[in-house]
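According to my numbering, the sequence shown is numbered sequentially starting from 23.
Treat the hints as calculated values from the structure; they're not laboratory data.
Think about it this way: if two alpha-carbon atoms lie no more than 20 angstroms apart in a straight line, the pair counts; the simulated DMTMM-like pairs of lysine to aspartate or glutamate are:
(1) K98 - D50
(2) K99 - E127
(3) K163 - D50
(4) K163 - D144
(5) K70 - E43
(6) K70 - E36
(7) K99 - E120
(8) K193 - E159
Cβ-Cβ distance ranges computed for the label pairs, FRET-style:
(9) L26 - E119: 23 to 31 angstroms
(10) D107 - M186: 16 to 24 angstroms
(11) I158 - I110: 18 to 26 angstroms
(12) L200 - P23: 26 to 34 angstroms
(13) G95 - M186: 36 to 44 angstroms
(14) N63 - A192: 50 to 58 angstroms
(15) S112 - S60: 52 to 60 angstroms
(16) R198 - M32: 33 to 41 angstroms
(17) A192 - R82: 44 to 52 angstroms
(18) W67 - K193: 38 to 46 angstroms
(19) P169 - M32: 14 to 22 angstroms
(20) K35 - E185: 45 to 53 angstroms
Fair warning: this is a prediction, and the values are worked out from it, not measured in the lab. Even for Gly, the Cβ is constructed at its ideal location relative to N, Cα and C.
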Amino acid sequence: PDLLVVDMIMPKKEGLATIREVRQRLEDTRIIAITGGSLENYLEWAQKLGAHRVFIKPFRNDEFLAAVRDLVGNRKKRVLIIESDQGIRSLLRQRLEEQNFEALEAEDGSQALQVSGHTAIDLVITEIGTPAQAIIEPLNKMRERCPALRVIAVSSPGENNAEMYAEIAAKLGADRSLT
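With the hints as extra help, turn the sequences into a complete structure.
The structure is reproduced here in structure tokens:
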């Protein structure tokens, strides 16, 4: 997620532990910590652990919304290109960056996991020519970190296996497939 709003006192997990865990797993996620007035020292610890903003309840809605806009309002959408051909990857990256996207590149599924690391990905563009099994597992792992992940599956033009590519796109959970 782009933003996590965490209360310092929760029934199952303390807010500080949540912040620590999110910092380790999703370094790009912005964090707002909130707590009741008598627990202000928690907010100091929250900031030390990586919270970007802190609020003491009750807080003003306009101040809270301004903080949300400030933290995530202008973030570029992040696109991961999984393509075996370096020339095509570079061309796609260039076109995406011209449209104000942040573009990351990977040659295959395992490299995609390394490149995406702890980074939130908004969209994956992947070639369908990659063996489906080689990309399904990495996509599923990325979806664990980013449940709203969208996927576009692309096949080579002129391929005669449209049905097979449609099946692979479905296995990938692609939102769209292009030829």
